[in-house]
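For reference, the chains in residue letters:
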Amino acid sequence: MAAEAATRTQVGKYPVLRKLGEGATSEVYLCNDPFNTRDVAVKVVFADAFHDPERGRLFRKLFVTEASLAGKLQHPHICQIYDAVADDELHYIVMEYVDGGTLEKFCRPEALLPLDRTVEIVFKCTRALEFAHKMGITHRDIKPANILHTGETDVKITDFGAALIATGDTTQIAAIGSPAYMSPEQVKEHPLNHQTDVYSMGVVMHHLLTGRLPFQAANNFSLIYQITNVEPEPPSTYRPEIPAGLDAIVRRAMAKDLEKRYLRWEDFSLDLAEVFRAEHLGAQKAQEFADSEKFETLRKLPFFEQFSDAEIWEVARISSWRHAAAGERLMKEGEPGDYFCFLADGQVKITKKGKLLNLLRAGEPFGEMAYLAKTGHARGADVTVMSDAKIVSVPTERLAQASDACRHKFDRAFMEILVERLSMANLRISGV
Amino acid sequence: MSEPVAPERVANYPVVRKLGEGATSEVFLCQDPFRDREVAVKRIFPEALRDPVRGRLFRKLFFTEASLAGKLQHPHIAQIYDAGIGEDSGYIVMEYVPGGTMERFCSAQSLLPVGQVVEIAFKCARALAYAQALGLTHRDVKPGNILYAAEPTDVRISDFGLALDVGAETTQITGIGSPAYMSPEQIREELVDHRTDLYSLGVVMYQLLSGMLPFRGENKFSIIYQITQHEPPPPSTHRREVPEALDRIVRRAMQKDAARRYQSGEEFAKELIEALREGPGEPRCEQLGEADKFAALRAMPFFARFVDPELWEVVRIGLWEAVPAGAALVREGEPGDFFCVIVEGEMRVTKNKKLLTLLGPGECFGEMAYLSQTGHERGASVAAARASTIVRIGVADLERASAACRGKFDRGFLGILVERLNLANTRLTSG
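If you're matching them up, the sequences are chains A and B in order.
Using this note's numbering, the first residue of the first sequence is number 633, and each one after it goes up by one.
Using this note's numbering, the first residue of the second sequence is number 59, and each one after it goes up by one.
Since the hints were made in silico from the structure, they are not lab data.
Computed from a predicted model, the values in this text were never measured in an experiment.
Certain hints may be false.
[Stated by the list, open to error] For lysine to any residue, the following SDA-like pairs were computed, each having C-alpha atoms within a straight-line distance of at most 20 Å: (1) Lys984/A / Val476/B; (2) Lys984/A / Ala482/B; (3) Lys118/B / Thr641/A; (4) Lys129/B / Tyr714/A; (5) Lys118/B / Asp671/A; (6) Lys412/B / Arg1060/A; (7) Lys984/A / Met1001/A; (8) Lys987/A / Asn483/B.
Please put together the full structure from these sequences, using the hints given.
In structure tokens form, the structure reads like this:
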């Protein structure tokens, strides 16, 4: 073991618990934040530019500004930045601590993830990067090492903007990192937009699907040549079970020509969800719903139109999903109700004492009075499945624990429905 | 004078300038570059830190207290954002409140109008009640710890829980501070609860009203003696315009026996508002202070679910109007961008000149403008049936309020909608 520089016991005001890792220009520590009583990851960045007598000051300022901007990204699949400091001695970023590893460990042929999980992960990344893009932020350094994971398919993209600063003027090529995930325009040092992230995400997807990088090269020069000039083999070359749909997605994400590459993250995500459904990737677990399916389904329902992506993910997390067969009674008059539902697919009827009150189409909520009435509420009618249906249930207790923003969106959406129903009722009253 | 220059930064925060200093602390105006805002950073030099054994304990206590105080989010409490501790000093990062402290209004030449003093005391009493609900006692309420922002009545209580920051085992009596605002139980070094703060607020109120401290002495020990033994003369002795009701309130707040004082900040605030209303007959509405508005809203069932910080927001965004009988407030068919809550009086709701309903205090009208997200046309006309007081809330103003505040409005309106829908359905099925 090399004689290491004295281990830090403190970074700024944060006591160090242990070192998490180190790179060429940075060290990451697990620290405690005593004021907010939480664990945080603190990344200490070393760059000569910080100490440059002329530009050091400007550079330090830029560091904090960039981190502050990235700190505005609050999304379930983006690692939250809490603080950034650049003083004369130390430059560091304080981030959410994610207990898990990076996607690097799934990039080897012997450790590949099942296809459905890979698609789930890439799907979440594309939605998170779309969110960042809408906030005006491009990552520029998407690679497996910058995507943390916890649990089955929960991911968090890290190092937004930060990577850029750490390396400063020296390009990433000249620095120690590999250009393997860089886009052709990045290699050529052309101006970049969010499509550079699309390309890098395509490379990550290729890597996760096959355990290989799309371009193999003995040296960086050859790699750069291939990135700019060679068409990669489709992932299915290396793993035959990969459906053509996924090959096509990787091809489009990695298109050298910006015109041919995905212009909108949304299209990238949609294609992923589409292949997932078409190929029945989640089929082995028939009763289960993939997170991407939940997200896509909810995103399309008019009820959730005003919900942000982060809020939709919250709903996906707190709701339970199931299939219901025709004839099944979902709710019974007089029973206490502590959840409400959305009809994601199929048809249900609402009856009271055998009399038909309403037929609901996909997208409509039912049983919501349990949530809206202030006190314990009994179901006012029966709900029965007419044709095989997909039912999303939201327990009121779990909703109560959701974020204020999410609950507020529910209230707004219900309000709109009630306003509509009320004006209908008033119309009928005055029409009688 | 060899004043040392202000440091370039305190902890991570670049210093803009020094704001002040006390016996064991300094306060700096700093920049928070990450969050892009100005903050006040208080640096403290507790003796305890120099002792290795007590230092450890102190560190732990420091963070516990600071985190707890950081949970106080209230418009009249200076927010604590962060805290840290180093080798020989600790620091607390707080909301920067630019005005000054109440000390400025404590001498006979610079007194505030009585109405404003009541307003300030009211806000402090409610803020202390809020803190009490979270289990926090201040222990050092004094004019120097009540800051104000734009106007004297825009107050923020600061240094919550940080009375501890002196850190020394020497109590404040023998220490440097003045005991003038301390309660008898504090003087006797007994266990104290939130009622010690109500006593201290009573003293602050006394001083803001009269320009005098209730107990004055040649030395600290004489003051200590008086605090435990004497009844102070009422504030009106020093300023004749102080109404009898306020004398009574100060007397009750400053009872030596905590059991005979106000038992809660709410109770204290309630009597203040009553005194304000009994006050020499100012025309209402025109002169309505924020405290009065707050109290009026607090009493309405519609706002029952609003916590204090949210209700203060409503006070800020609402427009209070006295309307004469017959005044038309909403006209059928016109576009609407506001809704109203009735404080006093009665409204007639008509459609095609046909009376639909009468609305009374606590009820809303015009809320469909807010509820329907798209442009809305008024469905009925509303006019004052008699002289009334209303609060008008602009939809655009509400959109700018905090999410928590808007959320409460939405919950309130949802309740109303559910009720109306039930009513309509009953009419439909019975018809």
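Hints, verified against the model:
A distance of roughly 19 Å separates the Cα atoms of Lys984/A and Val476/B; the hinted pair therefore holds under the 20 Å criterion. A threshold of 20 Å between alpha carbons decides the hint, and for Lys984/A with Ala482/B the separation of about 17 Å falls inside it, so the pair holds. The straight-line distance between the Cα atoms of Lys118/B and Thr641/A is roughly 17 Å, inside the 20 Å bound, and the hint therefore holds. Pair hint Lys129/B plus Tyr714/A holds up; C-alpha atoms about 17 Å apart against a cutoff of 20 Å.
For the proposed pair Lys118/B and Asp671/A, the alpha carbon gap of about 16 Å is at most 20 Å, so the pair holds. As the CA atoms of Lys412/B and Arg1060/A are separated by approximately 19 Å, the hinted pair is consistent with the 20 Å bound. Straight-line distance between C-alpha atoms of Lys984/A and Met1001/A comes to about 15 Å, which keeps the hinted pair within the 20 Å bound. Proposed proximity of Lys987/A and Asn483/B is supported: the alpha carbons are some 15 Å apart, at most 20 Å.
Hint check: no violations occur; every hint is consistent with the structure.
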